[in-house]
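Now for the letters of each chain:
Number of protein chains: 2
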Amino acid sequence: MSLIEKHREEITKAIEALHQRTFYAAFPEHPAPAIYGETADADGQAKFKSYLGKKFDELKQTGATGWAGQEESPYLQEPLKISYPISSVDTLISNALAAFQTWRKVSIDDRGGILLESLDSVKNRFFDIAYATMHTTGQGYMMAFQASGPHAADRALEAIAAAYEELNRFPAKAVWDKPMGKFNVQLNKEWRAVPKGISVVIGCSTFPTWNSVTGIYASLMTGNPVIVKPHPGAILPIAIFVAEIQKVLVENNLDPNICQLAVDTFDKMITKELAEHPSVKLIDFTGNSAFGSYLEALPGKTVFTEKTGVNSVILDSVEDIDKTAANLAFSVNLYSGQMCTAPQNFYIPASGIKTPGGTVSFEEFAEKFVGQINSLVDNPKAGPFVLGAVQSKKTAERVAEAAHLPGKVWLKSRVFENPMFKNARVATPVVVEVDSSKKDVFSKELFGPIALLIKTKSTDESVALAQEMARQHGAISCGAYTTDAQVKEKIADEMALAATPVSFNLTGAIYMNQNAAFSDFHVTGGNPSGNASFTNPDYVNRRFTWVGHREPVKK
Amino acid sequence: MSLIEKHREEITKAIEALHQRTFYAAFPEHPAPAIYGETADADGQAKFKSYLGKKFDELKQTGATGWAGQEESPYLQEPLKISYPISSVDTLISNALAAFQTWRKVSIDDRGGILLESLDSVKNRFFDIAYATMHTTGQGYMMAFQASGPHAADRALEAIAAAYEELNRFPAKAVWDKPMGKFNVQLNKEWRAVPKGISVVIGCSTFPTWNSVTGIYASLMTGNPVIVKPHPGAILPIAIFVAEIQKVLVENNLDPNICQLAVDTFDKMITKELAEHPSVKLIDFTGNSAFGSYLEALPGKTVFTEKTGVNSVILDSVEDIDKTAANLAFSVNLYSGQMCTAPQNFYIPASGIKTPGGTVSFEEFAEKFVGQINSLVDNPKAGPFVLGAVQSKKTAERVAEAAHLPGKVWLKSRVFENPMFKNARVATPVVVEVDSSKKDVFSKELFGPIALLIKTKSTDESVALAQEMARQHGAISCGAYTTDAQVKEKIADEMALAATPVSFNLTGAIYMNQNAAFSDFHVTGGNPSGNASFTNPDYVNRRFTWVGHREPVKK
Chain A
89 MSLIEKHREE
99 ITKAIEALHQ
109 RTFYAAFPEH
119 PAPAIYGETA
129 DADGQAKFKS
139 YLGKKFDELK
149 QTGATGWAGQ
159 EESPYLQEPL
169 KISYPISSVD
179 TLISNALAAF
189 QTWRKVSIDD
199 RGGILLESLD
209 SVKNRFFDIA
219 YATMHTTGQG
229 YMMAFQASGP
239 HAADRALEAI
249 AAAYEELNRF
259 PAKAVWDKPM
269 GKFNVQLNKE
279 WRAVPKGISV
289 VIGCSTFPTW
299 NSVTGIYASL
309 MTGNPVIVKP
319 HPGAILPIAI
329 FVAEIQKVLV
339 ENNLDPNICQ
349 LAVDTFDKMI
359 TKELAEHPSV
369 KLIDFTGNSA
379 FGSYLEALPG
389 KTVFTEKTGV
399 NSVILDSVED
409 IDKTAANLAF
419 SVNLYSGQMC
429 TAPQNFYIPA
439 SGIKTPGGTV
449 SFEEFAEKFV
459 GQINSLVDNP
469 KAGPFVLGAV
479 QSKKTAERVA
489 EAAHLPGKVW
499 LKSRVFENPM
509 FKNARVATPV
519 VVEVDSSKKD
529 VFSKELFGPI
539 ALLIKTKSTD
549 ESVALAQEMA
559 RQHGAISCGA
569 YTTDAQVKEK
579 IADEMALAAT
589 PVSFNLTGAI
599 YMNQNAAFSD
609 FHVTGGNPSG
619 NASFTNPDYV
629 NRRFTWVGHR
639 EPVKK
Chain B
89 MSLIEKHREE
99 ITKAIEALHQ
109 RTFYAAFPEH
119 PAPAIYGETA
129 DADGQAKFKS
139 YLGKKFDELK
149 QTGATGWAGQ
159 EESPYLQEPL
169 KISYPISSVD
179 TLISNALAAF
189 QTWRKVSIDD
199 RGGILLESLD
209 SVKNRFFDIA
219 YATMHTTGQG
229 YMMAFQASGP
239 HAADRALEAI
249 AAAYEELNRF
259 PAKAVWDKPM
269 GKFNVQLNKE
279 WRAVPKGISV
289 VIGCSTFPTW
299 NSVTGIYASL
309 MTGNPVIVKP
319 HPGAILPIAI
329 FVAEIQKVLV
339 ENNLDPNICQ
349 LAVDTFDKMI
359 TKELAEHPSV
369 KLIDFTGNSA
379 FGSYLEALPG
389 KTVFTEKTGV
399 NSVILDSVED
409 IDKTAANLAF
419 SVNLYSGQMC
429 TAPQNFYIPA
439 SGIKTPGGTV
449 SFEEFAEKFV
459 GQINSLVDNP
469 KAGPFVLGAV
479 QSKKTAERVA
489 EAAHLPGKVW
499 LKSRVFENPM
509 FKNARVATPV
519 VVEVDSSKKD
529 VFSKELFGPI
539 ALLIKTKSTD
549 ESVALAQEMA
559 RQHGAISCGA
569 YTTDAQVKEK
579 IADEMALAAT
589 PVSFNLTGAI
599 YMNQNAAFSD
609 FHVTGGNPSG
619 NASFTNPDYV
629 NRRFTWVGHR
639 EPVKK
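Residue numbers (our numbering), protein chains in the order written: chain A, 89 to 643; chain B, 89 to 643.
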């Protein structure tokens with residue numbers, strides 16, 4: 089049985105899910121022993137430990153000239169001392185060009201089968217990847233497992249499904265038979281989905297697999313060779329992913345260089361050299377706006393970006409103020425605010441928030457919000473695991489500086505003890521009150537656990553500011569609380585014009601930070617936070633070109 | 089009955105045709121009295137004459153401050169003296185911004201119904217548009233009728249159909265019901281296709297409707313207001329189109345400024361001011377590479393271009409050398425080589441072209457080609473009508489200069505008499521032999537009736553040069569003649585990598601210049617000749633953004 093036949097049901101279901109947008113997940117998100125096996129967690133932890141201080145030798149790519157790696161665990165604040173093969177840009181490019189000639193000629197079905205098989209294979213590595221993710225990003229265990237494992241695999245599957253559908257959108261052949269009056273002109277026509285060329289996928293330090301696998305799988309599925317350039321601080325999780333892809337390629341007698349890992353170090357970054365190489369046609373990037381905008385402006389490249397944004401919460405009226413504050417407190421605490429979807433600017437009218445029991449003043453809400461943050465942080469069974477660790481020193485510094493922003497500090501950032509990692513780099517959220525007139529303070533992303541409570545004249549001003557921030561500086565998510573149908577439609581319409589998805593009235597176990605494959609488009613592509621969206625049709629069909637040839641039918 | 093119901097069958101058929109890519113045309117291409125009415129042609133001619141020397145008063149848009157127009161007939165070499173309303177860029181933009189607020193809220197079905205109705209309405213103007221096209225572009229009557237009338241309307245319908253499908257690709261609403269173990273999280277989700285904003289469509293002087301209506305209809309269908317900026321030398325054909333769109337908008341109680349005509353004059357061009365305006369989000373452009381590349385690099389805009397290219401013909405082996413020469417001679421003569429799909433570089437091996445009757449030498453082919461060009465030019469019943477007139481003085485000058493290219497001139501350009509227009513600006517093709525080493529001569533577009541016969545070492549060199557030209561300088565079409573299956577696949581593969589469609593072995597009544605709606609993608613978007621393709625999914629879905637909102641299901 090060919091690989092695609094083995095995975096036929098999987099791809100069919102995934103394509104269906106992409107269109108229905110109801111709940112769908114192919115990879116179970118819970119790290120339960122009943123699902124993944126009794127020893128899976130312990131094995132994963134042991135596997136992770138076995139990598140420390142050694143050469144990562146699972147890759148099958150060719151042409152390395154040395155070994156290097158500078159990852160450091162935010163939990164241990166110690167180097168992992170794992171080293172990876174280092175190759176020159178010239179070698180990476182020439183490997184990819186050679187691999188392109190075989191990979192582009194592999195049929196759509198065979199490409200699909202191989203890539204789906206690689207996801208099945210990665211499934212056995214979810215726990216290895218989870219520990220690798222914890223000790224590079226600082227994510228808590230549960231997020232590290234879910235985001236880097238099953239959720240990333242679901243996003244990869246989604247990209248494969250979307251590409252599979254696009255590649256099969258037009259017929260491979262057709263007879264074009266045009267009546268001309270006394271005779272017909274008959275042409276045999278054929279259409280080829282021609283891959284654009286070398287694809288470079290540039291990873292970030294906080295979500296090393298989730299934010300990269302969509303680009304990797306979308307480019308591979310459409311026939312392009314991929315060079316994966318991880319953030320030098322978060323290599324291991326995606327290295328395991330790439331190793332599994334290479335393993336399946338080799339098992340199918342294909343060149344492992346079809347998908348290469350391009351590791352670099354902080355002192356010798358190769359990203360620009362790679363991106364500017366004339367043979368590189370596709371670039372996927374997650375990271376800061378300055379570098380993302382530089383990439384977007386490179387001529388002759390097709391570039392997919394997720395950059396930074398200023399995410400807003402609009403508070404107008406609520407059914408339950410305590411549940412609202414609790415929900416938002418969780419969103420701010422989750423992975424210490426290091427998600428691209430985490431809220432930053434909370435717009436609250438000076439007149440307060442309307443509730444069934446009367447108006448809750450700005451100050452009362454601030455107190456409730458701070459209280460909820462503290463109660464989660466101080467819960468030893470939840471706090472340390474929800475907050476995790478802070479990935480970079482820069483983020484920790486930014487949080488410390490935030491206490492000096494011009495405005496009342498409602499909550500200072502502090503440290504807490506992680507029972508498992510005494511040396512973890514941690515920081516609880518800082519909450520600062522800012523007046524709506526101080527736009528320079530809140531009109532930029534303050535990455536990390538930093539929440540600004542912005543006092544506005546009215547909900548109208550709140551909406552206008554949220555829209556302006558999204559239009560000018562980008563936004564990936566927006567939370568809004570209102571019990572008024574007219575206000576709700578106004579927010580929905582104004583934020584839609586700023587290409588920002590809105591989560592309305594979330595309470596309980598669902599948060600504005602969360603973003604589900606097959607249902608939520610991640611980043612819309614319509615504001616400065618990024619030009620691409622997981623996974624809309626553009627995300628895959630801009631990776632290849634439809635070319636049609638024709639010839640008269642032989643009589 | 090709503091307009092969309094009136095046109096339901098039309099849109100359904102068009103979407104089906106887009107996917108089948110077999111022959112389909114909704115608007116009959118022949119100007120036969122039996123189809124369009126006994127007096128249609130005479131009426132059209134009379135209507136065209138009635139415009140001369142007058143104000144064009146059919147537009148319903150608002151805010152004009154004056155009247156101007158500088159069109160000149162290439163057939164008469166006299167000004168048409170038609171003047172059009174002139175508006176400031178500020179007025180055009182503020183009109184469009186106001187119109188955006190109503191148009192974006194018109195339902196997809198209603199937008200579709202209105203736009204399809206406008207095409208029905210334009211159908212009654214095909215003969216008016218044909219004469220308007222002749223006397224602005226210099227096209228012969230038959231091409232002017234077909235390209236600006238039915239073929240343009242088919243391309244517009246294709247864009248409507250593609251957009252209609254994309255807009256309906258994802259559900260408007262869905263319930264997302266995620267099992268969480270002991271409970272389910274249930275969210276009501278909704279997705280909005282949010283139009284990007286003001287769309288500017290910049291026309292060219294040679295195909296004023298065919299190259300513009302796709303962008304106009306694609307942007308309108310996706311909810312964007314459109315500002316049509318025609319070439320100052322070819323306004324009337326598209327002015328009639330826009331007038332019909334505005335008429336249907338007003339009949340449906342909508343703002344005519346949803347689609348405005350923005351006329352300018354050679355001495356005061358407004359294109360850059362329009363394109364750079366921050367409120368302009370979408371730009372469609374047909375024209376020269378320098379301006380197209382400037383537009384593509386404008387930050388924050390979605391830009392669709394058709395620029396220039398160097399189209400090649402690869403001659404390897406043929407079944408019938410005379411039929412081949414005749415077919416290519418027609419392609420060069422057709423509209424005096426002023427089509428973006430016209431061939432320019434003919435690659436012929438020094439060893440000649442293989443035929444069943446033996447090898448035809450480079451020189452023998454050159455003689456046959458020249459003979460076929462002359463025989464068509466000198467046929468008084470065909471020549472003048474196939475060649476038409478030369479749109480601009482610059483093109484006429486370029487043809488004259490081509491005689492001084494470094495190489496043997498096989499055929500000089502000359503004038504001929506058009507029996508209906510004694511003053512027509514005409515030029516027959518110039519044919520020059522160039523050695524394959526003189527790349528500087530043939531590695532640029534020489535727009536107009538200029539054919540270069542390039543002597544190569546082998547077909548391999550021919551293919552390599554054709555591919556290099558397409559990759560470096562762009563190509564919109566390619567002709568290839570070979571009876572060898574392996575050579576054919578090599579050409580198909582190498583030119584596909586350069587994103588160039590190939591017409592193989594055309595003889596008889598079908599030419600490499602021709603490009604059919606619903607079947608041939610026009611410009612692939614994959615080489616420097618342009619970044620857009622009529623009409624692939626990108627062409628429409630990059631004009632709007634998918635934005636999803638969500639809210640917990642009320643218990």
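Don't read these hints as lab results, they were simulated from the structure.
By construction, the Cβ of each residue, glycine as well, lies at the ideal position given by its N, Cα and C atoms.
Among the hints, a few may not be true.
Stated by the list, open to error - In silico lysine to aspartate or glutamate, EDC-like type, Cα no more than 20 angstroms apart, as pairs:
#, chain 1, residue 1, chain 2, residue 2
1, B, LYS261, A, GLU104
2, A, LYS261, B, GLU407
3, A, LYS643, B, GLU407
4, A, LYS261, B, ASP581
5, B, LYS270, A, GLU104
6, B, LYS101, A, ASP265
7, A, LYS261, B, GLU582
8, B, LYS576, A, GLU278
What the hints assert, rightly or not - Going by beta-carbon spacing under 7 angstroms, a handful of chain B positions derived as facing chain A:
#, residue
9, VAL273
10, GLN274
11, GLY321
Sort out whether B:GLU407 lies within 20 angstroms of A:LYS643, counting only the CA atoms. At roughly 13 angstroms apart (the allowed maximum being 20 angstroms), B:GLU407 and A:LYS643 satisfy the hint.
So, B:GLN274 near chain A? Judge it on the closest CB pair being under 7 angstroms. Given a least distance of 9 angstroms, the restraint on B:GLN274 is violated.
Within 20 angstroms, alpha carbon to alpha carbon, are A:LYS261 and B:ASP581? 15 angstroms, holds
Between the alpha carbons of B:LYS270 and A:GLU104, is the straight-line distance 20 angstroms or under? 27 angstroms, violated
Hold the hint about B:GLY321 up to the distance rule: shortest CB distance to chain A must be less than 7 angstroms. Cβ of B:GLY321 sits 30 angstroms from chain A, so the hint is violated.
Compare the distance between the alpha carbons of B:LYS261 and A:GLU104 with 20 angstroms, and conclude whether the hinted pair is satisfied. 15 angstroms, holds
Please work out if B:LYS101 and A:ASP265 have their alpha carbons no farther apart than 20 angstroms. Cα-Cα ~17 angstroms, so holds.
Is the hinted pair A:LYS261 and B:GLU407 satisfied, with a Cα-Cα distance of at most 20 angstroms? Violated - the C-alpha atoms of B:GLU407 and A:LYS261 are around 24 angstroms apart, more than 20 angstroms.
Restraint check for A:LYS261 with B:GLU582, where alpha carbons must lie at most 20 angstroms apart: Holds, at about 19 angstroms.
Regarding the hint that B:VAL273 lies at the interface with chain A, is the smallest CB-CB distance below 7 angstroms? 5 angstroms, holds
Quick one, are B:LYS576 and A:GLU278 close enough, alpha carbons at most 20 angstroms? 13 angstroms, holds
This entry does not satisfy hints 2, 5, 10 and 11, going by the numbered hints stated previously.
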